[in-house]
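**Student:** Below are the chains, spelled out letter by letter.
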Amino acid sequence: MTEEIEQVAQRYARFTALGAAVIAAVWHVGYDLTVTVTGWSSFRWPWLSVAAWLVYSAVFAVAVRSLLRDSRGPARIVEPALVTLALDIVVIAALHPGQLVGISDWAWGSVGWIGVMLVWGRPRWKAELVAFLAANAGIMAAAMALTGTVDRVSISKYLVVISGGVTMQLGYTWGCHMLRARAEDAVVLARRLAADDALRESAQRIHADRLRRYAAIRDVAEDLLQRLADGADPGDPRVRADCTAGALRLRRLITEREDVPDRLVSTLRERIEAAERRKVMVTAPPFGHYLPGLPDGVREDLLRAPVRALDGARSRARVTVSAMSTMVSVAVVADNDDLPISATPVREPSGVVVTYQRQGGEVWVNSIWQGP
Amino acid sequence: MGQQHLARPVTVALVEDHQVVVDGVRSWFGPPPSPVELAAQGPTIESVLGVEADVLLLDLNLNGTMVIDRVAELCQGGQRVIVFSEHEEPETVRAVLDAGASAFIGKGRATRESCVETILEVAADRPSVTPPMAQAIATDEGPHRPQLSDKERAALLFWFQSMSKASVAARMGIKERTVRQYIDRARVKYAAAGRPAPTKEKLLICAIQDGLIQPDEVTVYTSLAAQSPPDRG
Numbered sequence: 043m044t045e046e047i048e049q050v051a052q053r054y055a056r057f058t059a060l061g062a063a064v065i066a067a068v069w070h071v072g073y074d075l076t077v078t079v080t081g082w083s084s085f086r087w088p089w090l091s092v093a094a095w096l097v098y099s100a101v102f103a104v105a106v107r108s109l110l111r112d113s114r115g116p117a118r119i120v121e122p123a124l125v126t127l128a129l130d131i132v133v134i135a136a137l138h139p140g141q142l143v144g145i146s147d148w149a150w151g152s153v154g155w156i157g158v159m160l161v162w163g164r165p166r167w168k169a170e171l172v173a174f175l176a177a178n179a180g181i182m183a184a185a186m187a188l189t190g191t192v193d194r195v196s197i198s199k200y201l202v203v204i205s206g207g208v209t210m211q212l213g214y215t216w217g218c219h220m221l222r223a224r225a226e227d228a229v230v231l232a233r234r235l236a237a238d239d240a241l242r243e244s245a246q247r248i249h250a251d252r253l254r255r256y257a258a259i260r261d262v263a264e265d266l267l268q269r270l271a272d273g274a275d276p277g278d279p280r281v282r283a284d285c286t287a288g289a290l291r292l293r294r295l296i297t298e299r300e301d302v303p304d305r306l307v308s309t310l311r312e313r314i315e316a317a318e319r320r321k322v323m324v325t326a327p328p329f330g331h332y333l334p335g336l337p338d339g340v341r342e343d344l345l346r347a348p349v350r351a352l353d354g355a356r357s358r359a360r361v362t363v364s365a366m367s368t369m370v371s372v373a374v375v376a377d378n379d380d381l382p383i384s385a386t387p388v389r390e391p392s393g394v395v396v397t398y399q400r401q402g403g404e405v406w407v408n409s410i411w412q413g414p
Numbered sequence: 483m484g485q486q487h488l489a490r491p492v493t494v495a496l497v498e499d500h501q502v503v504v505d506g507v508r509s510w511f512g513p514p515p516s517p518v519e520l521a522a523q524g525p526t527i528e529s530v531l532g533v534e535a536d537v538l539l540l541d542l543n544l545n546g547t548m549v550i551d552r553v554a555e556l557c558q559g560g561q562r563v564i565v566f567s568e569h570e571e572p573e574t575v576r577a578v579l580d581a582g583a584s585a586f587i588g589k590g591r592a593t594r595e596s597c598v599e600t601i602l603e604v605a606a607d608r609p610s611v612t613p614p615m616a617q618a619i620a621t622d623e624g625p626h627r628p629q630l631s632d633k634e635r636a637a638l639l640f641w642f643q644s645m646s647k648a649s650v651a652a653r654m655g656i657k658e659r660t661v662r663q664y665i666d667r668a669r670v671k672y673a674a675a676g677r678p679a680p681t682k683e684k685l686l687i688c689a690i691q692d693g694l695i696q697p698d699e700v701t702v703y704t705s706l707a708a709q710s711p712p713d714r715g
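Which chain is which? The protein sequence lines are A and B, in order. Residues in the first sequence are numbered from 43 upward in steps of one, following this note's numbering. Residues in the second sequence are numbered from 483 upward in steps of one, following this note's numbering.
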């Protein structure tokens, strides 16, 4: 769902950008080229106008390439913008005097579309486009003033072309920007909804898991209470051990706080449960709620030896995890008589170091990873 | 100061809302004569306020409410507080130690011997480090954490994760007495690095008297000492 919405938003960005290019291309071929060819005699130097048309086309190609690549204008726009604005002057110079703002004076009505393409998708597009269009209008106003083209007809033409061009170019850019912004809002919203769904699903899974474990402990507790009601001796060491084991499991459930347990913690919990089903009394202080990200293979190497010690525990085990931002240490102390141990630290290829120690009928297995 | 307490039983006020735990603690202390005596007990902090006791043993979760934010207020009066809770996660332990608690006993692993030993050490203002405290101090990465040496940090972590201080000594290739020294020094440094509280001051003074740490190693202590004359001018 989120992917589909993201694709729609990307298409909006891409095709509105290409839309600007299509308008500029149609205008440049349909109008600029046509008036250059059909108005050949109105130019003093028609080849200069053709050259201007080709330069416009080159800048257009640069802008289109950038829009096709990432739906944004080029990284550097000052140089192409200045070249484009210079075309205003070149075309005026190519015309016979008296043709200013005439039908063959094509550049000043067209360059605005290049401006639109250059600023497309840039953070300061609004200010940059306004500056570009203002410069274009300013160049034409200055040319009219310098050549004395200030009759009512010329001023009217100027105002119509400038206001029409600016309205279309700014309007298209602003409209497309709004469209893209709404599409991006939809993506953000979709992502948030997807994250909420994931969190809800995870919370439901954890809740269901806890209910399952509560149910398992309740069965054990019921059985224990029944035995006591039937006359079991509370002083009997076995009854007391069962009571202690039940209390430890309950306490662990109460103090669990992780919303989404790390895989290392989940694996340890599974093995602790398995040990408890074998009547091993396991103490495990809360694992805390911070574990750093671990490189590939580290988690497995951290768990392997301690889990083996826990799996082979005869009657009791203690499981601990200590963590800092660049260190994780997993340890098991258990009455495991069969675990083969190494007298010297074992260094795994992942960087995990495992140490073993036997003392007073217990084995202490400790695996430590220290990050860079 | 600490030795005075050894002549008579250390008195304890217990704040605990579960009668079964109260009964358990009472049985741990045993009938008189015993080194530790339960002077008062109640299900709320208010129920034991005003009771003269060397140590206040405090359950953190009272009737479903965590009372971590009351620890500082209790310690400010100079009362020695030992937190007795199943909420052994490092963040909680650090919060209560920072608030001035003298020690933290985890309900999950506490035994009669360890509990009584901790109470006696705290009553004598000696550094006491239980396994949950060792873990919390060793893994503290907060901005005001003390500068622990590698050996002090390793001793704390191994003490939390191993079976005994003897096994820590074997692992580190040092004497058990040295292990205790590393752990105690870490505790003292931790007390010095945290916010000042009268209970921490007592611990620091005793640590300096015992030669566990030099006065110039404890910036908080020296600054407090510097403030003690009425006219600092």
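These are calculated hints, taken from the structure and not from any lab test. All residues carry an ideal CB built from backbone N, CA and C; glycine is no exception. Among the hints, a few may not be true.
What the simulated footprint calls covered on chain B by chain A, stretch by stretch (three residues with Cβ under 8 Å from a Cβ of chain A suffice, anywhere in the stretch; the number is not a length) [to be verified]: (1) 507 to 521; (2) 566 to 575; (3) 584 to 596; (4) 668 to 675.
**Student:** Does each hint fit the structure? Answer for all of them.
**Tutor:** Hints, one by one, checked against the model:
1. As drawn, the stretch 507 to 521 of chain B meets chain A at 0 residues by the rule of a beta-carbon pair under 8 Å; below three, the given contact is violated.
2. With 6 residues having a Cβ less than 8 Å from any Cβ of chain A, the stretch 566 to 575 of chain B passes the three-residue criterion, so the hint holds.
3. Counting residues of the stretch 584 to 596 of chain B whose CB lies closer than 8 Å to any CB of chain A gives 4, which reaches the minimum of 3, so the coverage claim holds.
4. With 0 residues having a Cβ less than 8 Å from any Cβ of chain A, the stretch 668 to 675 of chain B misses the three-residue criterion, and the hint is violated.
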